[in-house]
Amino acid sequence: MAGNETKRPRRRRRRIHLSKLYTLTCTQSCFKQDHSRIGGPGYSRVVFCNEPDSPDADSSNYSDNYVRTTKYTLTTFLPKSLFEQFRRVANFYFLVTGILSFTPLAPYTASSAIVPLLFVIGATMVKEAVEDWRRKKQDIEVNNRRVKVHKGDGSFDSKEWKTLSVGDIVKVEKNEFFPADLVLLSSSYEDAICYVETMNLDGETNLKVKQGLEVTSSLREDFNFKGFEAFVKCEDPNANLYSFVGTMELKGAKYPLSPQQLLLRDSKLRNTDFIFGAVIFTGHDTKVIQNSTDPPSKRSMIEKKMDKIIYLMFFMVVLMSFIGSFIFGVTTRDDLMRRWYLRPDSSSIFFDPKRAHVAAIYHFLTAAMLYSYFIPISLYVSIEIVKVLQSIFINQDIHMYYQEADKPARARTSNLNEELGQVDTILSDKTGTLTCNSMEFIKCSVAGTAYGRGVTEVEMAMGRRKGSPLVFESNEDDVEYSKEPFVEESTVKGFNFRDERIMNGNWVTEPHADVIQKFFRLLAVCHTVIPEVDEETEKISYEAESPDEAAFVIAARELGFEFYNRTQTTISVRELDLVSGKRVERLYKVLNVLEFNSTRKRMSVIVEDEDGKLLLLCKGADNVMFERLSKNGREFEEETRDHVNEYADAGLRTLILAYRELDEKEYKVFSERISEAKSSVSADRESLIEQVTGKVEKDLILLGATAVEDKLQNGVPDCIDKLAQAGIKIWVLTGDKMETAINIGFACSLLRQDMKQIIINLETPEIHSLEKTGEKDAIAKASKESVLLQIINGKAQLKYSGGGNSNAFALIIDGKSLAYALDDDVKHIFLELAVGCASVICCRSSPKQKALVTRLVKSGNGKTTLAIGDGANDVGMLQEADIGVGISGVEGMQAVMSSDIAIAQFRYLERLLLVHGHWCYRRISTMVCYFFYKNITFGFTLFLYEAYTTFSATPAYNDWFLSLYNVCFSSLPVIALGVFDQDVSARYCLKFPLLYQEGVQNVLFSWRRILGWMFNGFYSAVIIFFLCKTSLEPQAFNHQGKTPGREILGGTMYTCIVWVVNLQMALAISYFTLIQHIVIWGSILVWYLFITVYGELPAMISTGAYRVFVEALAPSLSYWVITLFVVVSTLLPYFVYSAVQMRFFPMYHGMIQWLRYEGQCNDPEYCDMVRQRSIRPTTVGFTARLEAKRRSVRRSESI
Amino acid sequence: MSSNMASSSAGSGDSSAARKNSKRPKYSKFTQQELPACKPILTPGWVISTFLIVSVIFIPLGVISLFASQDVVEIVDRYDNDCIPAPARTNKVAFIQGAAPKSCNRTLTVTKRMKQPIYVYYQLENFYQNHRRYVKSRSDSQLRSPKFENQISACKPEDDAGGKPIVPCGLIAWSLFNDTYTLSRNNTPLAVNKKGIAWKSDKEHKFGNKVFPKNFQKGNLTGGATLNPDIPLSEQEDLIVWMRTAALPTFRKLYGKIETDLENGDTIQVTLQNNYNTYSFSGKKKLVLSTTSWLGGKNDFLGIAYLTVGGICFFLALAFTIMYLVKPRRLGDPSYLSWNRNPGGGR
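For the protein sequence lines, the chains are A and B, in the order given. Letter by letter, the first sequence follows residues 1 to 1199 in our numbering. Letter by letter, the second sequence follows residues 10001 to 10347 in our numbering.
Since the hints were derived computationally from the structure, they do not count as laboratory data. Just so you know, not all the hints are guaranteed correct.
Covered stretches of chain A (chain B as the covering partner; in silico rule of three or more C-beta atoms under 8 Å from a C-beta of chain B) [stated by the list, open to error]:
(1) 337 to 350
(2) 1019 to 1030
(3) 1138 to 1147
Glycine included, every Cβ here is placed at the ideal spot set by N, Cα and C.
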């Protein structure tokens, strides 16, 4: 036998009819009424399986299996990206002015206008191209994956995914992804079942069983498909993952197809060697792609607001141009007999007094071009540059690098950085995001005694906080990132149980040793796990449907009850005999498996042990189990209940174990009844079965309880606590069961025992009874009413409590109800309720629902949302949210590919938001404000000068001074501000999480602040212009008696502007590194260099600026004296303002700066006090939990 | 030995390759945004000392500037109105455009000793040399070199006369100022040096010494002054000065220099030819005699402004000192952390 199996060493279990294990599963799908609709509208798809060459198949012309996610193709790139570019109003405006600058209308030369525009557009297009190229590479990888396809003669050939077409027969092997939506024909198992992991679709980790039709199950070899023909009619492509209606015509007979036969693209074949399937939907028709929405191009809130500012600036430009044109028109009209030196009698249309109104209209265009300096052309490109650099910093952050997986953080799209600083609500996936998706057996309570000294992540976090906060504070930085998983001495996956009392066989000496024995025996026997024995090492590994089942079996093994073999009817266990103290092998005959489902919330096996005793072993949720205990089985009930509550509060999944002995007669009755129930074909078959099983699963004897930790990722409770302190709301959206979700809620401190849970579901008897009748409309109506009623009740509770801190509410809603709660007429009430609750957990939600919830929060609330998830089922949510953060975990890359930012662990979210988010928000908002400030300062001097030229649109400065202002003399400091500025260091960002509220409340980019900066720009311009004008008018300018001309006034004013805007920057930033010094002083220096060098160019190029600096400005003292005076006077008002504000009305960051400056942050006690004071009453997180505990202690003391 | 070397180098290569393959970001103060930086905040000390420093610098500078301005002696004489005979004043434009003699005598009195060089300016007001049409109406290449004589496209309508290009073309040259001043002191002529009144760079690089006026003022309309066609443009300093357009509608331009001192009480007779038409746009004309200081001409504004701002800063320094004293604050006093009480109300 061993020789036989050298090729496949792990195949001992091969011959089992696995479908027998699932006693209760309805494997035979029944004809439902839906099938009658086939052929009608919406159900018109026709597939000829295995005859792709037939003429009929061609005619239907379904899409191929090529999937494209890129934004552009080679041909559409240029027009489409240009269109995208010029859709930005500002760019379009510059395009228009650029074109106009070639006409005589232009106040400046065309080249000086067009060069910056080309630069700006070109830079952005290159960025687009690079980003799309990355997506393209990903597409190529997916489309070129290979799969075995039937060639037509009974042999299979490997082909690329993209070449698949509808009707092909494919063979998919173990651990491969399905390339398209397939109808399962047969598998390596005789009864055509296979296991599918749908992690990428719905995030559920437990394997799903799919089963092919009986008629096709025999096609288990390649050659069977020679000449195989089938004809499938089914529904049209749609996005519903859980429904499928179709029929298969085989040799003249019709067989119904249901979701049970449908294998979805992007799910994975597990525990099955191979399957054969027929391709039904390809490419963009597949359900998973139908479910995904187009990658939206996201824009941050700041950018949207920036557009509004740009419109405001446009308005100002138009207004100024209008004023100018009006005055220009009036003066031009009067020119004819007056300003003879302009030769008004022989004028072009632009200055013709006889047609002054036309001239005024033309002038309007000229003025609009001249004042275009109000709108910073380099704004977009500077922001793009800054954001790319910011993303590099995010990518480079060593504190967000995950050593174990070798994964740094990766900002995939850079245009959302500042949005990270404004997140109001986080919508989180559970599996793989909050949890590691591994279960660990950590505690148990047997016979009323609690065992297990393992410490959960929550308890660790709480312990740290409860222990001396001072210590925690002082070495916070060390703790923060060095808390890698504590080293475990044994590394058995799924087992984290420490208790010397029962480990290593010590349990025999415990009191109630017999109970302990029964307890672990139950764990070893009552399950549906399949063992796999590695022939070489004799080590046993288990393949289970769900990781917690595996955890039980592993725990039993580690404690001496090794389950090592399973046949169709028996389970073999090696266990310690209590009497002899020796290891013996025991065989249990499995008579029945009463499976787990969400209504029963328990599973049982009925076994016959070697003595012929009939035992019913049962494990289940506490609420169903306690009521099924017999009177004499409640010996340990009190203690067990306490323990279970304790475990649940610590976020552990608990199950109650109990057993009973059956006598022959009783079993006989049951056995008859169950087979009767199973063979019934009526609609209430399942309830019949439930009745029968319910009758036998009673009068149980309690053994104890288990506690399994759905292991949270490292640092999750800590992170959630910090985020809660920062005032961020956290919602959990999961595809998992409600119980699991609630457990995780407890584990993450999103839920507490003293929280009131508002649970909305449709598990009411009325709905159930309606479901049996199968009237869809009636069910929908009743369900909706029920959901609405529950929501209204919830709201009433909320209102009644008055929203006090101690009465925090938690909303838990399941997918079915969510479907109704998201209806247009209900969703607003639902949102109101949800916003009023401290925590919201949506369970059993489909990817689409996740996306819908996200949209609801985003649009209904108007606040910024961040979605975080790791699976393909989160893709919709990630794309819908303002920011999608993907966890680059072990599973699939879909989430990461559609995310905006990818991080390796949930806990990095803390640093990503509180540090990088805050910084980026602050940087970008300050930067944008500053941009408008500097352009107003510059542009408004142009306007003021116009007033002295009768608005004839003479620029005050040389052409190249104009166009280089934004590029050379003022842009680098802003970019440096955008990249490097820090109001407070990372350490303080984390220490005072409330600082984050600056972003959420958008104080740094409020209209008040924006207008304030604009005002600053206007008055700076006024001061600069009038001081320069008055100082230089009209007397001699140097001691050689030369009087100032246009170029001297222009040069002096320009110098003042360059100084003022750069020094203003120096005043505004709070973080001076060498770089800041270089760019600020450098920019000023560059101006002097430029004017010198430019002045030395031949006079033909430099025109008016020829040698102006060398000859006129620099040698004359008055130039320097005026510069000094103007610059200082212009900055003085701002300086006074910020001195007063900083001292007497500091903003949050200002206060922290004071604290740092005063050095009081080194005083741990003081700092803790300040921090505590800065914490808003939070309702979730372990800080809140500690608070609640303290309160309850106080309450009990006062009583 | 050699194999040893090879293996060791290969080994080190391996390990460095492994390090390279790791995606761990490299630590540097730059990438971790931990660069050493000074983080200035506006502490009372900084604020007060800034104000004090500004006032300490500004007040003396203001005093010096004011003195400099006071040192300058300036004689301004507006003559546009007076130089029109009383009967003609009802229609000044007609007079100035007519053929009647435009000669006019003015007497200036020196009230304070003026040291040479004394600059003679003409000041025009309400004259828009900065009008866009005017500013652009010139051909720099034509001015520079005879080769580009025909580059006159920008000069319309003063581009050609009877099909021949005008040199210098354009409105600026065409409207050249043509009042002339003849000065005498106590009946002895006072020499006005008209050399060296233009910027050197203009003379040397913008106005060619081989470019001679051609067809100038030969068009249908005569604008301002005529030019001697035998003198190259680089020597026509009046033109060069005029062609540097003024920034503002009120401007002075150098007419010449007097290179002798003028004593207090001297009277100066000016015989001027009032040719230039500023009447149609009601512009004033002034004759200005002025000395200069290191700061240029007479303008008290800068000195006063310096004093004012210096004074304000001194006052602000006092005010802030008082404010900080009256409203002392234990810095970092958590009770100032007002966001505790009002998390929503960001100030």
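Verification of the supplied hints:
no. : hint         : result
1   : 337 to 350   : holds (count 11)
2   : 1019 to 1030 : holds (count 3)
3   : 1138 to 1147 : holds (count 8)
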